[in-house]
Amino acid sequence: MRALLLRDLRLAFRAGGGFGLSLAFFLMVAVIVPLGVGPAPATLALIAAGVLWVGALLAALLSLDRIFALDYEDGSLDLLATSPLPLGGVVAMKALAHWLTTGLPLVAASPVLAVLLNLPAQGYFWLLVSLAIGTPALSIIGAFGASLTVGLKRGGLLLGLLVLPLYIPTLIFGAEVVKSGAAGAAIGTPLAALAAITAGAWAGLPLAAAMAIGANLR
Amino acid sequence: MRPACCRYPDVLTAQNVAVARAGVMVLAGVSFCLNAGRALILRGPNGAGKTTLLRAVAGLQPIAGGVLTAGEDDIAYGAHSDGVKPTLTVAENLSFWAQIYGTDLAASAMAAMQLEALANRRAGQLSAGQKRRLGLARILVTGRKIWVLDEPTVSLDTASVVLFGSAVQAHLAAGGAALIATHIDMSFAADELDITPFRADAHAPVLSGQFDEAFL
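Residue numbers (our numbering), protein chains in the order written: chain Z, 1273 to 1490; chain E, 755 to 970.
Source of the hints: derived by calculation from the structure; they are not laboratory data.
Computed from a predicted structure; not experimentally measured.
We treat Cβ as the ideally placed atom computed from N, Cα and C, and that holds for glycine.
Treat the hints with care, since some could be wrong.
Output of the computed footprint for chain Z on chain E, the stretches with three or more beta carbons under 8 Å from beta carbons of chain Z [claimed, not checked]:
hint : stretch
1    : 810-820
2    : 826-832
3    : 835-841
4    : 850-856
Only chain Z is shown next, with the shape it has when bound in the complex:
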């Protein structure tokens, strides 16, 4: 399992691995939005939480089809499926590698981008917390979506259509944590719901994704 995680991380950092693409995309979203809605600080402060979370969502989506597609194309997925590793474990490790290479950099970069969007200072901490808790759910839900479309030529668009609706609960509660936190209100309920979605997704989706891959490899 650890070998698979390390291999995926190594592949992500090698040439063409795609590390940094999602981060750059996240940066572009945060830079472009003020150009679109105008520079008024009050307007930006109002939408900052939502824009940052939507940006994180789209940035995660961008790299999802790489999770299984490359391994499917070069035959590695067949070989992993016949290896001693349980397929659910393979899914979980690949989703974890995806989070470490896309989700974690987004979390780390988010306070800098929050400055661009004039997020109230109180909200910085809660932005970090909500992204740290919420983005792992984006990776595992995305891995599940990728397992459904593995083997489809140009399944990327379909993948987006499948996965974005499943991201909605995470988006709602994640943005709510930041908004309430920035306003100094209680964040207990949305934070608990956000954590529950992440925990539930990681508990159930690796097995579901493993079944989908098993069916797609036939």
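Since the structure of chain Z is already known, use the hints to place chain E on it.
Chain E alone, transformed into the frame defined by chain Z:
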């Protein structure tokens, strides 16, 4: 009940096995047994169902009928494509699979397939034949008893085919077994099974509606 051919302790047995691909029956009534120390070559024209049968043996798809018996965790599957990561070096590719299978055979496999000089080369820079040799070295790395190989000699030159033959012979001598689909003549003694007579009626209904539990 075993097929009559199985006089010796066998490691892989197929009895009346039927396989389907994309909802169409491909083969039916295939029976064979593979004994330790033996190799079985599957013959048949393109589209006869060799790959489908091998994928079923490897556990990648459910069989549509009959019984397949093999020891648990005995099978190493080598597909058409090598599963080689182009941005990893030859040594990194092999040591990854050695870790997955929990063996320390990466160095010896590299020696057996004469890949040592290429150890630090990115796999993406290898020629097709060298890449194939890396794929075959991966099979050696698994340390598994039954090799299930699909067209292992594609894009190999004559010398590499001999190299592959001696690797298989060494594996058989060590008590292993091999099930190989190929069109060429191998340099080692092997039983042959032509699967053409087992071609199923394509309009026959696929019987098995069972959920495939191999992936749970």
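Against the structure, the hints:
For the stretch 810-820 of chain E, the assignment as covered by chain Z holds, since 5 residues bring a beta-carbon within under 8 Å of that chain's beta-carbons and 3 suffice. Note: the stretch 826-832 of chain E has 4 residues with beta-carbon separation from chain Z under 8 Å; the three-residue rule is met and the coverage holds. With 7 residues having a beta carbon nearer than 8 Å to a beta carbon of chain Z, the stretch 835-841 of chain E meets the requirement of three or more and the stated coverage holds. Coverage of the stretch 850-856 of chain E by chain Z holds. Counting CB-CB distances below 8 Å, 6 residues qualify, and the rule asks for three or more.
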